[in-house]
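**Student:** Residue numbers (this note's numbering), protein chains in the order written: chain H, 3 to 365; chain R, 3 to 365.
Just so you know, these hints were derived from the structure itself, not from any lab. Note that the structure is a prediction, hence the values are computed from the model and not measured. Keep in mind that the hints are not guaranteed to be accurate.
Repeated chains share a single entry, so a pair holds when one copy, or any two copies, can fit it.
To be verified - Below 27 Å or equal to it, Euclidean Cα-Cα: the simulated DSSO-like pairs (lysine-lysine) are:
id	residue 1	residue 2
1	Lys202	Lys172
2	Lys13	Lys345
3	Lys352	Lys73
4	Lys182	Lys202
5	Lys253	Lys352
6	Lys202	Lys162
2 protein chains.
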Amino acid sequence: LDRVDCRSSSKTITLPGLVDVHVHLRDPGATHKEDWDSGTAAALAGGFTIVGAMPNTSPAIMDHDTFELAKSLASSKARCDYGIFLGATITNTTLLNALAPESMGVKMYLEETFATLPLRDDLNAWKEHVINWNSPFPICVHADGRNLAAILFLGHLYNKHIHVCHVSHKEEVDLIRDAKLRGVHVTCEVSPHHLVLCQKDIERIGSGQSEVRPKLGTEEDRQALWDNLDYIDMIATDHAPHTYEEKISAKPPPGFPGLETSLPLMLTAVHEGRLTLQRLREMMHDNPIRIFNLPEQPNTYIEVDMDEEWVIPKKLGFTRCGWTPFSGLKVRGRVTRVVLRGKLAYLDGKVIAQPGYGQNVRT
Amino acid sequence: LDRVDCRSSSKTITLPGLVDVHVHLRDPGATHKEDWDSGTAAALAGGFTIVGAMPNTSPAIMDHDTFELAKSLASSKARCDYGIFLGATITNTTLLNALAPESMGVKMYLEETFATLPLRDDLNAWKEHVINWNSPFPICVHADGRNLAAILFLGHLYNKHIHVCHVSHKEEVDLIRDAKLRGVHVTCEVSPHHLVLCQKDIERIGSGQSEVRPKLGTEEDRQALWDNLDYIDMIATDHAPHTYEEKISAKPPPGFPGLETSLPLMLTAVHEGRLTLQRLREMMHDNPIRIFNLPEQPNTYIEVDMDEEWVIPKKLGFTRCGWTPFSGLKVRGRVTRVVLRGKLAYLDGKVIAQPGYGQNVRT
Ligand SMILES: [Zn+2]
Ligand SMILES: [Zn+2]
Ligand SMILES: [Zn+2]
Ligand SMILES: [Zn+2]
Ligand SMILES: [Zn+2]
Ligand SMILES: [Zn+2]
Ligand SMILES: [Zn+2]
Ligand SMILES: [Zn+2]
């Protein structure tokens, strides 16, 4: 039997190319974990045709020269389309706006995290960034609790759009819901790992391997995310690869890979009746495109076998990190084909698009 | 010559009884620093006929029993009228609203300070207090920087009136101005010590004696307060007495006395052309009355000799604390007479109203 016949009993559907606005490609600086090549291969394997690369690399992407470096690395290595975030620092409050038109957006780290870009608790620096950023692309924040409330207030005061990364606990999703109901212009994303995992999974996954920021929440936190899914605009993986050796070391860095598992995990939720396929499409394509002012990619789509059941293996096919916290989970649904701007980019386990095929969404 | 003739060459004016919404009377718990008797005597000597007593006493005023204790102490000892604040804690989020009608308001300590009432960085507790407080009396906050932005956001989300205590630095007054310009319902007070003193005065005053929260700011901070005086609703002393021995000890507690010096310091500013007498009246009477929903006191007024020049002494007449950070400053203007609800309460250096004459403004 050929492939088509083999699949005749299963349901294959077509979706637009997915958009993941939040990935860490570790390039420049930590390419043993990931680089623009391996990371965008993992993206295509996961059904993503656009990724937004976070700026907490080494060096961090925080000024003209580092931005040029990232653009150049991406241009030669990326296999799918991409945008590049600028990182806010205490000292670059007046620099970023000039770079904004070529960026995916600006990222503000308001918490201690795996970042070379801490903004500490300096409200003045936060405010200067918010005031000076005059771009249709969002101000993305890593912020918990009171820091989230504070940055949302600044966004409200100065009429800027704040996008909240990886909302993960009841505290934050409740605040964002209430802000939306009050008419505050805020959007947010959730990562599949915060929807699928919680503190009860730490023993099974292993303590170092479970380290992620924001931390895995309680069961109540996880349920609050599902209960408020109507107020969450999009899924983003927060793909943050570290090697297996790093994760089992004495000082495990926080972060999970996610590009190759996010769609299957969310399709499994569709099968379980926890969200509709239409809502998944909104959260993984329509809303990221609209909210990040991204161009539609012509002649771009993915094909998904909705019924294939499989168990997530210890190692995924394309990310360089060599492990996944979802190992052992049974999922239903798999990407079989990706067509990106008219060309076959991925087919049945093979990435076909070459390094350099990917385009910067802002140029 | 009798007193009237002696003053014939000076300008005596009449003002309504002043209102100080922010005093620490140390009673119960630290009556060697102050109590309801000595503190309200100092209030009358300073021209105040209503004071709002903060709840960070020992025990703190945070539930029914401690509130009853404070009301009983005040009722037997106060010489001027008063209101009593309730203190927010991590554990009394559902208790306070029932006590609200008899209170001056609720006080939330969002910073580490001289408080038995810390709310730490627990956004959920902050939010519960804001949501549960359903009273026309304000939610008063001790909050700096990002904590101020966060609590103002909660007030905005849940349509509650936040009153910001002792705004003292450029960062906070700028934020409050911008919030007001954006239509956020927020009010604030400034303490005379933040208008008159700055870090340059620390050497002269002495380092322990200069300890106050919020700390004395830079000259730029102080200037920002004057520059934004139009956005500051009221003067409040934050009268926070500690003894001279405590202030010069190895661990000096933060806080200044202020009741007997605030009006002379502000009148001196009037003489210097830094604010008008009309604006002083708004900031020390009209606005506190309106914003804290206080009753007008019938037949109540004070007489002020506008021209008397004097040097603030080492010890003031009525506060028990025995020192002042304003010692040595030359001021112009002095309270000569206070009439409270038809009775002479203070005359030329003598407090005449007796303990127990003061009434609770909420009953
Ligand atoms: Zn983050
Ligand atoms: Zn959280
Ligand atoms: Zn991230
Ligand atoms: Zn589309
Ligand atoms: Zn305070
Ligand atoms: Zn401050
Ligand atoms: Zn105080
Ligand atoms: Zn009046």
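**Student:** Within, between, both or neither: how does the pair lysine 253, lysine 352 come out at a Cα-Cα threshold of 27 Å?
**Tutor:** So lysine 253 and lysine 352 fail the 27 Å test inside a copy (34 Å) and across (69 Å) alike.
**Student:** Is it within, between, both or neither when you check lysine 352 against lysine 73 at 27 Å Cα-Cα?
**Tutor:** within (26 Å within a copy, 77 Å between copies)
**Student:** With identical chains treated as interchangeable, where does the CA-CA distance between lysine 13 and lysine 345 reach 27 Å or less: within a copy, between copies, both, or neither?
**Tutor:** within (23 Å within a copy, 90 Å between copies)
**Student:** How would you classify lysine 182 and lysine 202 at a CA-CA limit of 27 Å: within, between, both, or neither?
**Tutor:** Result: close neither inside a copy nor across copies, 31 Å intra and 45 Å inter.
**Student:** At most 27 Å between alpha carbons: which applies to lysine 202 and lysine 172, within, between, both or neither?
**Tutor:** This pair counts as within: shortest intra-copy Cα distance 16 Å, inter-copy 46 Å.
**Student:** From the Cα coordinates, with 27 Å as the cut-off, is the pair lysine 202 and lysine 162 best called within, between, both, or neither?
**Tutor:** neither (38 Å within a copy, 38 Å between copies)
Hint check: violations occur at hints 4, 5 and 6; the rest are consistent with the structure.
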